[in-house]
Amino acid sequence: EPEVTQTPSHQVTQMGQEVILRCVPISNHLYFYWYRQILGQKVEFLVSFYNNEISEKSEIFDDQFSVERPDGSNFTLKIRSTKLEDSAMYFCASSSQRGLRGLSGANVLTFGAGSRLTVL
Amino acid sequence: AQSVSQHNHHVILSEAASLELGCNYSYGGTVNLFWYVQYPGQHLQLLLKYFSGDPLVKGIKGFEAEFIKSKFSFNLRKPSVQWSDTAEYFCAVTTNNNDMRFGAGTRLTVKP
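From first to last, the protein sequence lines stand for chains H and P. All letters in the first sequence, in the order written, are residues 675 to 794 by the numbering used here. All letters in the second sequence, in the order written, are residues 8 to 119 by the numbering used here.
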C-alpha cells in the first residue's frame, strides 16, 4: 500500500535554529498538508498546499513557517527560527482530492509516521 | 467558532465492554466525517469515513459510527472492545471550505 514517508523521524535542535522537515507524499496525490501534535494535545492543522501554492493555512502557520515542493516529489516544512513551543510531532499528509469534491474517498488524507521535533 | 468536539478525554474500559465515543462538530453545510486512530507510537490511520448515504458507517476492526445530522454528531461505537483497541481516537471533519480539522482526541485504555 502506498505510504507517505517523513524524515527525520526525530530531530533535536537548539532554540533559534532553522529546521527543515521533509515529506514524500504518495506519488499520484496532488494535495499536501502539514499538521502538528504537541505532546498530549490535539492534532492541529497547519497548512495545505496545491499546485505550488498554499491553499489554506491556520493561525499557527505564521511567518516563521514556510512550505515548498522543491523537486516535484519532496514536500518540506521549514521553521525559520525555532522556539521551545515548536516542540511537537509534525505529520505530513497527502490526498488526491481536497474538500468535498471528487470521487468518494479521494479526499481521505493519508498520513506519514511523523517527525518529532524537540527544541531545547 | 467552527470546531470539532470530543467530550471524552480519557475512557477506561474492560475487555468485552461496549464503547461509544462522542464527536460533535459545528460546521454548517455539507461535511465529510472521519475517525482516525493512533496506536501508541504510531501514526494516524483511517478507521472509517462518512460521505453520504447510509448514516451508519462500518469501518475496520468492528468499529462503526453513526452520523446524526440533526445533532451534528458522528459517534464512534464498538460492541465489544479488545485490549488491542487501546489507542487515541480522533474525530475529523472536512468541508468544502476547510481542510481536515481534528477533535482533541479521546484516549481509550482497555484493561485486559
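Derived from the structure by calculation, the hints contain no laboratory data. Mixed in with the good hints, there may be bad ones.
[What the hints assert, rightly or not] Calculated cross-link-like contacts (lysine-lysine; reagent style DSSO-like; alpha-carbon spacing at most 27 Å):
| id | chain 1 | residue 1 | chain 2 | residue 2 |
| --- | --- | --- | --- | --- |
| 1 | P | K68 | H | K731 |
| 2 | P | K78 | P | K68 |
| 3 | H | K731 | P | K65 |
| 4 | P | K65 | H | K716 |
| 5 | P | K56 | P | K76 |
| 6 | P | K118 | H | K731 |
| 7 | P | K76 | H | K716 |
| 8 | H | K757 | H | K731 |
| 9 | P | K65 | P | K78 |
| 10 | P | K78 | P | K56 |
| 11 | H | K752 | H | K716 |
| 12 | H | K716 | P | K78 |
| 13 | P | K56 | P | K68 |
| 14 | P | K76 | P | K65 |
| 15 | P | K118 | P | K76 |
| 16 | H | K731 | H | K716 |
| 17 | P | K78 | P | K118 |
| 18 | H | K731 | H | K752 |
| 19 | H | K731 | P | K56 |
[What the hints assert, rightly or not] Here are some chain H residues pointing at chain P (derived, C-beta under 10 Å):
| id | residue |
| --- | --- |
| 20 | N726 |
| 21 | G746 |
| 22 | T750 |
| 23 | R754 |
| 24 | K757 |
| 25 | A767 |
| 26 | S769 |
| 27 | G788 |
This one's a predicted model, so the numbers in the text were calculated from it and none came from an experiment. Built from N, CA and C at the ideal position, the CB exists for glycine as well.
Each hint, compared with the structure:
no.: 1; hint: K68/P / K731/H; result: 34 Å, violated
no.: 2; hint: K78/P / K68/P; result: 26 Å, holds
no.: 3; hint: K731/H / K65/P; result: 32 Å, violated
no.: 4; hint: K65/P / K716/H; result: 25 Å, holds
no.: 5; hint: K56/P / K76/P; result: 15 Å, holds
no.: 6; hint: K118/P / K731/H; result: 40 Å, violated
no.: 7; hint: K76/P / K716/H; result: 24 Å, holds
no.: 8; hint: K757/H / K731/H; result: 19 Å, holds
no.: 9; hint: K65/P / K78/P; result: 20 Å, holds
no.: 10; hint: K78/P / K56/P; result: 18 Å, holds
no.: 11; hint: K752/H / K716/H; result: 21 Å, holds
no.: 12; hint: K716/H / K78/P; result: 23 Å, holds
no.: 13; hint: K56/P / K68/P; result: 14 Å, holds
no.: 14; hint: K76/P / K65/P; result: 17 Å, holds
no.: 15; hint: K118/P / K76/P; result: 33 Å, violated
no.: 16; hint: K731/H / K716/H; result: 17 Å, holds
no.: 17; hint: K78/P / K118/P; result: 31 Å, violated
no.: 18; hint: K731/H / K752/H; result: 14 Å, holds
no.: 19; hint: K731/H / K56/P; result: 24 Å, holds
no.: 20; hint: N726; result: 17 Å, violated
no.: 21; hint: G746; result: 22 Å, violated
no.: 22; hint: T750; result: 18 Å, violated
no.: 23; hint: R754; result: 23 Å, violated
no.: 24; hint: K757; result: 23 Å, violated
no.: 25; hint: A767; result: 8 Å, holds
no.: 26; hint: S769; result: 9 Å, holds
no.: 27; hint: G788; result: 6 Å, holds
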